[in-house]
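**Q** Listed here are the chains, written in short residue letters.
Number of protein chains: 2
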Amino acid sequence: MGPSDLREILKYSDKPEITSLAGGLPAPEVMPMDEYRRAFEWVLETDGDRALQYGPAEGYEPLRAWVAERMGHRGIPCTAEGVRIVNGSQQALDLLGRLLLNPGDVVIVENPTYIGALQAFTPYQPRYAVVPMDDDGMQVDALEAILAQDRQGAGRVKFIYAQPNFQNPTGRTLSAERRVRLAQLASTYGVPVVEDDPYGELRYEGAHLPTIKSFDTEGNVIYLGTFSKILAPGFRLGWVVASKPLLDMLTEAKRAADFNTASAPQIATYKVVEDGFVDRHIEVIRNVYRARRDALVEAIGEHFPLGVASTRPHGGMFVWAEMPGPVNAREMLMEALEQQVAFVPGVGFHPDGTGANTMRLNFSNVTPEKLRNAARILGGVIQHRLDLLAPTV
Amino acid sequence: MGPSDLREILKYSDKPEITSLAGGLPAPEVMPMDEYRRAFEWVLETDGDRALQYGPAEGYEPLRAWVAERMGHRGIPCTAEGVRIVNGSQQALDLLGRLLLNPGDVVIVENPTYIGALQAFTPYQPRYAVVPMDDDGMQVDALEAILAQDRQGAGRVKFIYAQPNFQNPTGRTLSAERRVRLAQLASTYGVPVVEDDPYGELRYEGAHLPTIKSFDTEGNVIYLGTFSKILAPGFRLGWVVASKPLLDMLTEAKRAADFNTASAPQIATYKVVEDGFVDRHIEVIRNVYRARRDALVEAIGEHFPLGVASTRPHGGMFVWAEMPGPVNAREMLMEALEQQVAFVPGVGFHPDGTGANTMRLNFSNVTPEKLRNAARILGGVIQHRLDLLAPTV
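From first to last, the protein sequence lines stand for chains A and B. Every letter in the first sequence is one number past the one before it in the working numbering, and letter 379, counting from 1, is 1027. Every letter in the second sequence is one number past the one before it in the working numbering, and letter 12, counting from 1, is 660.
Hints were generated in silico from the structure; no laboratory data involved. Be aware that one or more of the hints could be misleading.
One side of the interface only, derived from the structure: several residues of chain B facing chain A at Cβ under 8 angstroms [said to hold, decoys possible]: (1) V678; (2) R685; (3) F688; (4) L692; (5) T694; (6) G696; (7) D697; (8) A699; (9) G703; (10) P704; (11) E706; (12) G882; (13) A904; (14) S911; (15) P974; (16) Q1031.
Per the computed footprint, the stretches of chain A lying under chain B, defined by three or more beta-carbons under 8 angstroms from a beta-carbon of chain B, are [to be verified]: (17) 693–701; (18) 761–774.
Since the model is a prediction, treat every value here as computed from it, not as a measurement. Glycine included, every Cβ here is placed at the ideal spot set by N, Cα and C.
If we strip away everything but chain A, and leave its shape as in the complex, we get:
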C-alpha cells in the first residue's frame, strides 16, 4: 500500500456515485475564485512585464514580506529575506531531501506519517526511524531514545520530520509541552526539525499552540507553510522559513530544479492577501470544515462499533480510526466500495509496515450529509468484519 495504491483508490473513488473520504483535497466551494479573478486581472493590467517574465528564485519579494509578517504572529520573527517561496510544500520536502540526505541516512518520522513526505524523501534512499504517537502527538521520550542511540552509533540521523498540527493522517496535535521538548532535543542533538504545518490555520476550537520554531534559538527548525489550505492548492505556492545558510542552499537547489516559481500566481496571491482578506477567509473555511468534522465525528460515535478508537481532531482535514486488531482496512475497503464509500487504509502511512487495522477519513471535501451516510456504512462494514472474525458459537 504505497503512493501508487493510494492513487488507484483515489482514481476509483473519483466516480460520482462514490462518496469518497479517501482524498485529501480542500473544498472548491471555499476557494476564493472571485478574488483571484480580480487579482489576475489587476496583475495582468498593471504588472504584466513582471508577471510574464522569469522571476527571482527566492520568490516575489512583497509576498515573502507578507509571509514574514504573518510568521511573526506565530512566534517566528523574520523578514522577507528569511522566507523563500516554493512550488507548494512538496517542493520544499523534495529540496530538503536533496540537500540533507544521502543513501542510508536516517529520517525520524511520526508513525504514522504524511505519505507525501515519504514520497519526497524516498528517492534519496534514506531509512526511516519511527516514533510512536498518542493523542498528544509524537512521543518525545521515544524520540530522545532514538537520538541518543544514534549519537552513540553511526550518527546517521539527518532530520526529524513532524506535522505538529492536525497531522495528516491522524488529525492529532502535538502538545505544547512536547513542542518545547522537541525544540530542545533538536538543539541538544544538533538535529534539524522539519516542521511541516499545512493545516495550522485550520483550527476549529481552542487556541493556537506555539510553533516548534518559536522555541528554536539556534536555527535548528525548518518551518514549512502553504497557501494550499487557506487559499487554493492550484497555484502551488508554499514557503520555507529557516536559517540563512540553509535558505541559501535551498535557493541554489531551487534554481537547479526549475529556476523559479511561476511569477503571475505569486503576484496575484499577494494581491489577494495584502488587505487582510486571509483572516476573513479562513473564518469561512473554518466554519465549513468545522461543521463537516462535527458531522463525521458525531456519526462515527453513533455508528462505529465499540472497540474502534477514532480521533476528534481540533482542526485540519482528517479523522483517523483504529479498528480492533484483526480487522484489516484493505479488506474493509473492498467491502465499503461495494457500498459506494471510499477511504484510505492506514498501512501506507506507516514506514514500519504496521497499521493494517487503521484508516484515514477525509472530511474537508464531503458534505455533512454524505459524511453521516458514509460513517453509517463504514460502521456496518466494520461490524460485518468483526462478525466474520468472531468465533462461531
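Given chain A's structure and the hints, the job is docking chain B onto it.
**A** For chain B alone, kept in the frame of chain A given last:
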C-alpha cells in the same frame, strides 16, 4: 565562472545605465499580456474549480493534446498521452538528471553548452564528456569516438545533451545530416539523446530543420519544448515527449518533486493557444528579434577587429564571439562595464574549462540602437585588449 558568477554579472548589469547583452530573457514587449489577461478571466469565471484545485501530475490534458498536435507538425507524431507538462524545461532537465544519473556517470554535452543544463545535472554528480562544435553544431565524428570508447570501457555514458537549434550560448544550429547521424548513433549505442529545443520556433531565415526526434525509431530521443520563448517564461511551462516507460518514471518523479504544475496557468495557456494564436504571435516575435539580430550582427561586422570570429545565428537569442587567443573575456568585461556594457564571458559554458577568449551576446531583450552602440563599445574594448597584448615596437 560558474552559475553564481553569471548571476553576479546579471545582478550588476540590471542597473538602468548599463546596456546588458548578458541576460537570456525574452523581451516583455512581445509577450501576450492582453491575451493572458482575457484567458485568466475566462478560466476563473468558467473553470475556477479546476483552476484552483490540485491537478494531474501529467499536466492539463487539453494542453497536452495541443502540444501533441504541434509536435506532429515537427515530425514527432504523438498523442496527449505522450506529452507531459513540467515547470519549464529546467524541471525536465532536473528530473532527467534524477532518473538517469548516478555519481560518476557521464553526460555528453556540446562544448560550449547551456549552463542551465549543467546546473540541473551537476547535483547528481556526473562527469561531462565534451564534443567540439563547428558552424554545423556538434561534431558527430568526435561524438562517435566518445561513444565507442565508452562502450569498450566503463559504459558510464548515460545520455547526450544537445540544443540543436540556435544553441545557447553559440547560436549555432546542428545540420540536417548531423541530426540523422546523431539519431543513428543514439540507436547504435543505445544511449538516449536529450533534445532541448527552446528556440526552435524562433527561426528568422531558412526553413525548419527536422527535429532529431523525427529520426528516432526506437524511443531513444527525449524531446524538450517550452512556452517560455513563444509566449512567456513567467508561467514556467515546458513539456517532454519521450517513450512511455520514461514518461511514467518522469511523472512519478514529478509527483515526488512538487505534485503537479500549477493548474490555472496551464488552463489559461491552453485558452491563449487553442485558436491558432501562437503562429500569428511567433511571427511578431520573429520580426522583432530578427531586426535585433541584424542590428547586432551588422554592428559586429563594422566594429569588431579582424581576427574576432562571431556567429550569425539563423534564429534564437544569442550571438557568440571568439576573440584572438590571448584576449581574456573576463578582463574585457571589467573594461566594458566601465563603459556601461555587459555580456557573459564564455568560459562558464565550457565544462572543460576552455573558452577564456569567448563571449555570449544576447540580442532578444535589447533595442537595435542599443545593440549597435554596445557592439561599437565592445569592438573598442577588444581592440584595446589587443593593443595591450601587442609586442611594443
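**Q** Give a verdict on every hint.
**A** Right, here's what the structure says about each hint:
1. V678: Interface hint status for B/V678: violated (10 angstroms vs cutoff 8 angstroms).
2. R685: holds, 4 angstroms
3. F688: With a closest approach of 4 angstroms, the B/F688 hint holds.
4. L692: holds, 4 angstroms
5. T694: The hint is violated - B/T694 has no Cβ within 8 angstroms of chain A, the shortest such distance being about 10 angstroms.
6. G696: holds, 4 angstroms
7. D697: Holds, about 4 angstroms.
8. A699: Since chain A brings a Cβ to about 6 angstroms from B/A699, closer than 8 angstroms, the hint holds.
9. G703: holds, 7 angstroms
10. P704: Status violated, d = 10 angstroms.
11. E706: With a closest approach of 12 angstroms, the B/E706 hint is violated.
12. G882: holds, 4 angstroms
13. A904: Nearest chain A Cβ about 5 angstroms off; hint holds.
14. S911: At 4 angstroms from the nearest chain A Cβ, B/S911 passes the 8 angstroms test, so the hint holds.
15. P974: For B/P974, the interface hint is violated, since the closest Cβ of chain A sits about 34 angstroms away, which is over 8 angstroms.
16. Q1031: Since chain A brings no Cβ nearer than about 34 angstroms to B/Q1031, farther than 8 angstroms, the hint is violated.
17. 693–701: holds (count 7)
18. 761–774: Since 5 is at least three, the answer is holds.
The structure does not agree with the numbered hints 1, 5, 10, 11, 15 and 16 stated previously, though it agrees with the rest.
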